[in-house]
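Undergrad: Taken in sequence, the protein lines are chains A and B.
All letters in the first sequence, in the order written, are residues 1 to 248 by the working numbering.
All letters in the second sequence, in the order written, are residues 1 to 232 by the working numbering.
No lab work stands behind these hints: they were computed from the structure.
Hints are supplied without guarantee of correctness; some may be wrong.
As the list claims (entries may be wrong) - Calculated from the model, a selection of chain B residues having no Cβ within reach of chain A, i.e. all distances over 10 Å: (1) A71; (2) A110; (3) N114; (4) L207.
Stated by the list, open to error - Simulated coverage check for chain B against chain A, where a stretch passes if three residues somewhere in it have a Cβ under 8 Å from a Cβ of chain A: (5) 93 to 102; (6) 153 to 160.
Claimed, not checked - Okay, the calculated beta carbon distance ranges per label pair: (7) A:S163 <-> B:N53: 21 to 27 Å; (8) A:N133 <-> B:D150: 27 to 33 Å; (9) A:F140 <-> B:S41: 32 to 38 Å.
Just so it is clear, CB atoms sit at the ideal spot from N, CA and C, and this is done for glycine as well.
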Amino acid sequence: MIRKYNYTGRQKISQDRIIIKQDLNSDVKSFEADLKLNDLGLPDHAKIYVEPYFKSSFMRFDFGTIGRTQNPSNTQLTDIPITDRVLYRLKIVDESTEKGLILGFADEIVANNNRTDTNKSPLLPVDFNDLSNRIWKLEFRNEGPVLCVNWDGKIDKIREIVSKDNKFLSLVYPEVIRQISFNVATDEDFDFNDIGNSWQYKWLKYFKASLGIMHIPETKENKDALEWSDDVSDAFCKSNKVIDLLIN
Amino acid sequence: MYINRLNADGISEFHSQIQELRSGTRARLDISFLNDLKFLSGFEREIEIERINFRNKLEISEYLVNKLSLAENKYLYYDIGLWTYLSVFYFYLLCPVDKNVKADARYILADPKNWTRYYRHLLACPARLYCELKDLSKAFLASPIHIWGDFHEQLTAYQDIATNKPLIETANALYWDNASLQLKKGAGSKGAGSPRRFSDIVGQFELTYDLNVMGSPDILTLFPQEFNKWIA
């Protein structure tokens, strides 16, 4: 277990205290934050900043102080790329006595429009990004694998295609499953015997329970991982009858 | 020549030509397509630009920021057609004839709100840094336009570092030599006290301090001993 030290008494702010609503209808997304922070025992003068981010893109908005919270007049996400999965970070900062010291912090906040019960969060989230000329790609983010699909500005009705079109499922998902299982098989930090909360474990559980994959690769070498990931992908195709889905 | 924007066909033509340069089937970029209306989508103002032998990123950034009045027109930061047009026009500086053609992202601005790609563009990123940071951007912009060293890579790869004024002031205090107006010798290295360590350590500081609101002298006091060698 990695031990984390917190010498400065920084408070971890519960996400229940932060309600972020994204406006999804306009061309440039914007957001509002409803913050319940005034009973945390933090000084009234402490400043509040909300920082939306996606990968290495980042913005920063001044939300006033603990004593007087206010939404900025403009919260357009002009510097954040096209994505359904913007995350937010909240900082409460002492700018007076201990200049710059973070008094309270919350990270990886999801806008309430996009928030789902942790137990019901999808095994494979889908994000719509600008992928230039590509239709889809698989990304391995901190949260695990994410299926990235080119956005509806490029491909009309793509959201409907991804959610309902059997041809998309039959052509794309077998390769998605192969890439995910290959990544699981070659991940040096993942132990197949571990039971935990990692995304790798969740996928392994799916491979066993839903696809009947009871064996694991003999080693983490590429050749064994390739063979195993082909087996997993083939089991997915069999289980989902992908050939029938394509031709019918 | 007046500033313009490349349209999708113009960007495609540029892309084809740089592929040919890479493969050796073309000796030099033919920029005559910048005069062909079928490759252009127009620009709202008449701004004349010249082919000048700018010595470094600072000179060309200052020139373009002024020509475009970029501080008053920040929406142009994200203009794919404009920055790709300028890449063609100044390609002799972005890719001198004796140098290898670099990755497409160095010349063609794609997905401009995605900082991971944006920061790699050899004109758009330096111009934006100059526009936002003014004199503080000097360490980023001191080298010739086509050169992208480890210093630039480490300090511009993350938008929250590259646009944090006190932090960039701190990086300047460590790595910039005000006497020679160059990066200090060894600032491009990868060991103890290097810009690579700087960006790693800043990630740790950010768990405790909001570096956007601190002064550079206060930030400097946080750095461990391995950085002392840079402080005169």
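Undergrad: None of the hints should be skipped; say for each whether it holds.
TA: For each hint, the structure was consulted:
1. Against the 10 Å criterion, A71 of chain B stays outside the reach of chain A, whose nearest CB is about 15 Å from its own CB.
2. A beta-carbon of chain A comes within 10 Å of the beta-carbon of A110 of chain B; the shortest separation is about 6 Å.
3. Listed as a non-interface residue, N114 of chain B fails to keep its Cβ farther than 10 Å from every Cβ of chain A; the least gap is roughly 4 Å.
4. Annotated as non-interface, L207 of chain B brings its C-beta within 10 Å of a C-beta of chain A; the closest such distance is 8 Å.
5. For a cut-off of 8 Å, the count of residues in the region 93 to 102 of chain B with a CB near a CB of chain A stands at 0, and the three-residue condition is violated.
6. For a cut-off of 8 Å, the count of residues in the region 153 to 160 of chain B with a CB near a CB of chain A stands at 4, and the three-residue condition holds.
7. Under the hint 21 to 27 Å, the C-beta atoms of S163 of chain A and N53 of chain B, about 55 Å apart, miss the expected range.
8. Take N133 of chain A and D150 of chain B: their Cβ atoms lie about 31 Å apart, and the range 27 to 33 Å holds.
9. For F140 of chain A and S41 of chain B, the Cβ-Cβ distance of about 37 Å falls inside the hinted range of 32 to 38 Å, so the restraint holds.
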